[in-house]
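Go by the hints and put chains R and Z onto chain G.
Residue numbers (UniProt numbering), protein chains in the order written: chain G, 1 to 430; chain R, 1 to 305; chain Z, 1 to 274.
Think of the hints as simulated: they come from the structure by calculation, not from any bench. It cannot be assumed that every hint is accurate.
Said to hold, decoys possible - Label-pair restraints from in silico Cβ distances:
no., chain 1, residue 1, chain 2, residue 2, range
1, Z, Gln-38, R, Tyr-44, 32 to 42 Å
2, Z, Thr-53, G, Asp-290, 21 to 31 Å
3, G, Thr-177, Z, Thr-53, 32 to 42 Å
The beta carbon of each residue, even a glycine, is placed where N, CA and C say it ideally should be.
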Amino acid sequence: MKLWSKFVLLFSVMLILGACGNGEESGDSIKEGKTKIEYWHVNAETQGGQTVAELVEEFNAQSDTVEVVAKYNPDLYKGLMQNLQAEVAAGSTPAIVQIGWAFLDYFSNNFSYVTPQEVINAHFEEDKTFLEDNFLPNIMDLAKNSEGSQVGIPYSLSTPVLYINRDLLSEAGLPTTGPTTWEQLKEYAKVILDKTGKYGFYMQEPADNWATQALLESNGAKIMTDGKASFASEKGIKAYSLLRDMVVEDKSALHIGWDQGIQSFIDGNVAMLYTTIAQRSNIQNNAQFDVAAIKSPTWEGKEVKLPAGGAMLTITAQEEQQQKAAWEFMRFLYSVESVAKWTKGTGYVPAREGVADAEKGLKPFLAENEMMKAAIDQMSGVVPWTSFPGDAGLQAEQLLLDVRDQILSGSVTVEEGLTSTENSINELLK
Amino acid sequence: MQVVTSRSKKRFVHKQSILAYSLLLPSVAIIAMFMFWPFLYTIYLSFFDWNMISLTKNFVGLQNYIDVLKDPITYKVLLNTALYILILLVFNFTISYIFAFVLNFFVGKMDGFYKSAFFLPSFISLVVGSILFTWLLNPVSGPVAIVMGWIGLSMPIWSKSEGWIIVVITLITSWKIFGYNFILLYASINGISREIIEAARLDNVPLWKIFFHIIGPMSSATGIYVFIITIVQGLQFSFTPIKIIAQGGPNYASSNAIYHAYHEAFVLYRTGHSAALSILTMAIFVVLLIVEFKYVERGIYYENK
Amino acid sequence: MKISKKVTIPWHIIFIFIIFLLIFPIIFAIGTSFKTLQDAYNNPLSIFPTSPTLENYKVFFESLPAFKVTLNTFIIASVVTIFKVITSFLAAYAFVYFIFKGKNVLYFILISTIFLPFTVTMIPNYLVISKMGLGNSIWGVILPQLADAMGIFLLTQALRSISISLIEVARLDNMSHWHIMKDIVLPLVKPAVTSTGIWFFITSWNEYVWPVLILKSTENFTLPLALQMYISSEGGTNFTVAMAVSVITMILPLALYLIFQKYIIGTFISSGIK
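Extracted from the complex, chain G is given alone in its bound form (with noise of 0.2 Å):
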């Protein structure tokens, strides 16, 4: 039949382009004897997904016990808890992963995981202080549940940055350091509107609550208190009404989804975002105008409280071989020389002590990068990502995140919302 002629041909065709593709790759056969560990990260390739194939290929080269395969998950953190899910469902786990910082709790309460350090004092005398040396405390302490163990090691560490359109602000009269507070912030945003109407700020919304507890903690609420959600504070009320006033009173901010809301900096109709450093290479690659990175803005007279962003490792392996090989990718990753790598490649801020500073470190880097400067200059003000403990909290979050749609659909007032939001929150966490 002809029609089955013409499938056999475009088939075979195929077969014949594969098996080109096929060559180069039947040459790495895997060496006997070696442990192959699975290592689960969220790298697009717009997010360092190059970086973490050079540095397993790196390190694969070099070891001879160990064999690093890594897997992309997409989605970001839930996308990856999604598929551990599975995995762990269907009876087997990978040697490590990334957990993002909201998934702490839910994480450190439903997977087994072993410590770093214990796989350390238990193979590895000669590594016995390299997390005591390398990082200082208020990092580790990043990784900590909220029963207080240490659950993994921070690795990805982000900050939020106020990116700025000098162009816009100049043209709009406004002086091109920026905002340096958010009350400032909110009178920039309405001249901007008035001036050049263009939207004067964005603020990052993903489906998790990030940047929010940015704005609020900064102004002293807390998100949570002795395992209570407390942010229906005066002051976190006062906080979430900022942002409010300006999406629904001033319309001088766009409330729209995060893709977006960075596709309308980067062609300059936003003057000013609020969103991650992890974004400054693509900002700063495809913004035609006079872009900057400045710090965090504060509430007058306060001091920034930043939540970490980004993620830690954690060792999952359950076998004896297994965890030992996964620290030895680890000691290999938290390597001033892979640390430094990461940074470039991601945009993240370096989680060990002495990689910004040191010559084969991140120093010339740093050097001609303005834009990281903002993110770690402002490390000292990181506080742990709030995540709410217990069975129930990924869905307290998730009800956060409910009710930002609706202030900022202008629904429910702040303090109706913040309100009833944190008093269902603290009805599901009992």
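Same frame as chain G, but now just chains R and Z:
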């Protein structure tokens, strides 16, 4: 040719049940393994409180069902589902039916070109469609918004507005499935004898009457198929843009029954709640299906029965 | 049939307009795949790149085993399509031309599975695939996709439209079922079979929820998964590379379509049923 309105009872009988069963075996076996068993397992799960990984499943009886029925979000989501179905039917059933009719009889030239062009977007994955439309329809920076701006129109911030979000997502979904439905209906209408139509035209029967009294009934076998896949596949297909563009938001405004079951199971890890919701959704669909079997199938026209 | 211009012209206008809406995004995607990302961000209105570049395609071919990824997608879609078309045809044949115990109940149950949201089957299926040792294998992607009653439904509908008497005569001539299927039924429903097959192919080719769950290493990836590599809300979406991958994803089904166009649109209109 005559229109047979009731199904012919007489069937050619093959008394070879064994052969029949063996013809069915491959399909039944694979469906049993990857559909029935998971389905039964899900029913089982709907009576437990479980997060998929903890070692203990707590038996909670009907509590999950009670929770689902008491949850106001369930009703919002079901209402959204109905809205999705309605809009999907308008674009992919009604409009494609009319287009198929018109293209068959009233457009002489270029019908080949039209057919191919309508079908083209069907090849594209909805992942691509979702990214593409997020960009194209950016209400501030997208090309569509800019062009609208020239004539003084502004675009609603659809990704954050109730109502609009469903409209845009169904448009994206329809972009993909419209062509396929159209081609099916076109082929079916094309199979109808031209003489009947000619005769009707000569008698000055208005177009809408031809459509409802001749075309509709005579293409109903395909029509009912298109009707069903529009609902079923349409809902499943819309999952991808919902997930990529809106994650069910803002405040569940874009969530439908399928996405919400996913959200409960794979975002909040409330397996039991999700299972109960899925079973209830399934129950609603089955009721619709029974209605279809009982009333609609009877009136369907199969040729040469 | 004579139709006045008054009727046809408005319809032509409507069709052209609708086609513009349907095709524009595709053209925009193709144009964007040859732009630099900076160009795409800053000149949203121009369809054509200011300085065309192949960089986006290069990025895809350099960061992933692109041929292997395309081949995987092709093998998965082909196996799924061939298997589903054959089994659905056999089942439809049994449902239409045989009478056996439990026929209506079985048909009803099978068709009901179409209404099963895929979220219902996801976790149990994942457990089964893992137990079979097929995690991270394209067979793990293929197997659950084979369970689909849609083909049975469509082909049963198609077979029902064939005259029973035709089959009766053939049976009286002692023709075997194999020959009836091959020489009488199949030629008559070839249009339906082809269009079903094409639809299966496209659906499987573009499937992404399930492969995301199963496939782990890049050499086993499929195209929709590869696309995910360039989308990240945190690091920003590389829109132009994503569009390049999209164009590659479109090409093969499109080529198939052009090759089989006659069958898809042409023949299933003028089949011999009349």
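Review point. Which hints, by number, does the structure contradict?
Key: 1
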